[in-house]
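Colleague: Okay, here's what each chain looks like letter by letter:
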Amino acid sequence: MEPTRSSGDGSGNSGTYTPEIAESLRFEEEIQSFMRENTVHPSLEPPPASGGSSFTALLGLPANQAVELLHDPESGDSPAVAAAAAVSGGGEMWRFGLRDPNALTLPSGCSPTFPSNAALVERAARFSIFAAEDSPDAASVPSHSGDHSPKLKAEPPDTESQPICPIPVERPQRPAKRKEAEKGNKVKGPAKKSRTAEEGSAKVAEESTGGDKLPYVHVRARRGQATDSHSLAERARREKINARMKLLQELVPGCSKISGTALVLDEIINHVQSLQRQVELLSMRLAAVNPRVDISGLDNFLSAECGRVMVGNGRGGVWMEQSAWMDAAAVNGGRRQQQQQQQQIWHLDLVHPHQTPSVWERDDASHLFTNPNPGTSLFGYDPASSVSLHSNQLKTEL
Amino acid sequence: MSFLQRKRAIKLTADVAMAFAKDGAKWSHALIMNLAKKPKNKTLLRSILGSEYERLTKPCLSWKMPRAKKILQRSFKMHSRIKKGARRLPGVNAASVHAEAAVTRTKVLKRLVPGGEHWDNSSLLEETLDYVISLRAQVDLMHLLVKALNVPNLK
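Heads up: the sequence lines are chains A and B, in that order. According to full-length UniProt numbering, the first sequence is numbered sequentially starting from 1. According to full-length UniProt numbering, the second sequence is numbered sequentially starting from 1.
The set of hints was computed from the structure by calculation and includes no laboratory data. Every residue, glycine too, gets a C-beta built ideally from N, C-alpha and C. A portion of the hints provided could be inaccurate.
[Stated by the list, open to error] Where chain B lies over chain A, by a calculated footprint (3+ residues, C-beta under 8 Å):
#1 241-250
#2 266-278
[As the list claims (entries may be wrong)] Among chain B residues calculated to face chain A with C-beta under 7 Å, some are:
#3 Ala101
#4 Asn121
#5 Leu135
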């Protein structure tokens, strides 16, 4: 709600600056509360007061918020549940996805350095969330976020004077070239110690156009490097690719020691392939979980697994299986009636075994279940007797 | 409902859930489109996505590389090739081997990430990053599910 409101604000007024400051201060408080909760990357915590740092705080918030929101639905749901939930409450998860672009528009409106930064900080924030589960990565995350913080902190003193003036002018216009210029500046920032003739000319050109909208890409050249536009653009692209490669290296376990693009790419490819294979394997294991009660020909399967499955499940597990069966039945041709029948039979099976139709009354084993209550029937089962019940039931049905 | 059918259905729902949860990325859109192409998956996809089906399966050209950019890239490559060709020493260079290795691996990566063939190098890397993160979350989730349902390990 806040990002959409503030982005509405940002787009609404064209000239004044104070609403932005108010919004940024509000965001700052939110960010600090987020930072306090999220103890994994303390290095991105902004210092309380200055105007420049509030922009970096703005960076932190949307990334964090988006990541937190992204993390919650994923950790809370199963694929089947998510699929089932997507039909009814799909707007919720989708809203999370929508929040992401919304959350990022405000920072891009406030300061020109954001678009490039936001992507990287978002990655860094994501590492921290996922690294909380994954211990080998936890060591790399603080170093990684620590790596970013000098860059981020070096920026506010650099750009602090600038954003405050050009913002009212720049916000209506956002040419891509301006992004390039600032990004180029940010990338060259740590390396701009030396002064040569080439650097001098580039710097002069930048200062002359000062705070207005820059139609050209003004990049500070490093010592001893050519300044023609082709090589500059090339260098910007290469820096971008190298930065992303670094992030990937930190993500894939065991890649930070390897030097050289080809080997790192090798590792990344292996990692992606192994993850995809794991997904296949796990989906096979999940498919082996449960049989339907009324399917003929699954005798062995049932006797081995059904008892264990039913005893071990709580309500949530029961529901998940239900939705998994629902999906599988839809593949079968979408025969809804059959689905519901199956669900009913299964549901009745678990909850009221002694009340089901006459099929079971013919059984001798039915008298074993004297009075199971709906709540306790799952746990009141004796695995052996339930197994025998089902095998008997199958025999009578067939 | 055969075993393989069930496994395919589960994998499908898992992929759709993963792609749906990350709607801001290019690969998610591409994944859903790839899944929607096969006629086998259509009914299941429709039942899962519900109202979102039409919106997501509309081919959206905004993230594919526009033709002008492709022409520019091609001409730039020719240009740099001409420049390098004049300077290249005969025989096998370490630099050229390195470059070729990177190119072949990039091609492999493009095949792995859904929809990767259309993007340029830097966005490919970015989407790979995204994709790896989501895949890892997916795998963790499925592990938890397996543990929760106490799936017996038949050996």
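Colleague: All hints are to be evaluated individually against the structure, with a verdict given for each.
Modeller: Outcome of the hint check:
For the stretch 241-250 of chain A, the assignment as covered by chain B holds, since 5 residues bring a beta-carbon within under 8 Å of that chain's beta-carbons and 3 suffice. Taking a C-beta to C-beta cut-off of 8 Å, the stretch 266-278 of chain A contributes 9 residues in contact with chain B, enough for the three needed, and the coverage statement holds. The beta carbon of Ala101 of chain B comes within 4 Å of a beta carbon in chain A, closer than 7 Å, and the hint placing it at the interface holds. Of the supplied interface hints, the one on Asn121 of chain B holds, with its beta-carbon coming within about 6 Å of a beta-carbon of chain A, less than 7 Å.
Of the supplied interface hints, the one on Leu135 of chain B holds, with its beta-carbon coming within about 4 Å of a beta-carbon of chain A, less than 7 Å.
Checked against the numbered hints above, the structure breaks none of them.
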